[in-house]
Amino acid sequence: MFGLFLFILFAPGVSEFLCASSDLEMSYTFCDSTAHIFMFNLTPCSTVNKSVWKAALTWVPKTLVSTFDIKGSRTRFPKGNYSVIVQGFSDDSEDNRLLCLNFTMIVKRDAF
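Counted the way mature numbering (1 follows the signal peptide of the UniProt record, and there is no 0) counts, the sequence shown spans residues -16 to -1, 1 to 96.
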């Protein structure tokens, strides 16, 4: 299992490498133009026989600290390139966006 822990001052629009394994590569960019101090941990960096990823997110400007599961048991990704947009809001109205990330996922082999 790969775990990657990042603590970097990110420049907007720059693609940041997150993790790589024999079956998966992930990177991301921020959707907005603000520079962020950001920590992200993802375990494991694999899609083969893994239905749940453990993720931890810390974003310093808003003092956001959260851990959560990313469940993919219903979605199996065949080999290919995927773009996933993740947005975090401060309330249910979705008016106050705190965070927006555009993940690029490259699945190198089928998980079937």
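Just so you know, the hints here were simulated from the structure itself, not pulled from any lab data.
Check before you lean on any hint, since a few could be wrong.
What the hints assert, rightly or not - With a Cα cut of at most 35 Å, we get these calculated DSBU-like pairs of lysine-lysine:
id : residue 1 : residue 2
1  : Lys38     : Lys63
2  : Lys63     : Lys92
3  : Lys63     : Lys34
4  : Lys92     : Lys38
5  : Lys34     : Lys92
Hints, one by one, checked against the model:
1. Our distance criterion of 35 Å between C-alpha atoms is met by Lys38 and Lys63, whose separation comes to about 22 Å.
2. Of the supplied pair hints, the one linking Lys63 and Lys92 holds, its CA atoms being roughly 5 Å apart against a limit of 35 Å.
3. The suggested pairing of Lys63 with Lys34 holds, with an alpha-carbon distance near 15 Å, which does not exceed 35 Å.
4. Restraint check for Lys92 and Lys38: the C-alpha separation of about 21 Å stays at or below 35 Å, so the hint holds.
5. With a C-alpha separation of about 15 Å, the suggested pair Lys34 and Lys92 falls inside the 35 Å cut-off, and the hint holds.
Violated hints: none; the structure is consistent with every hint.
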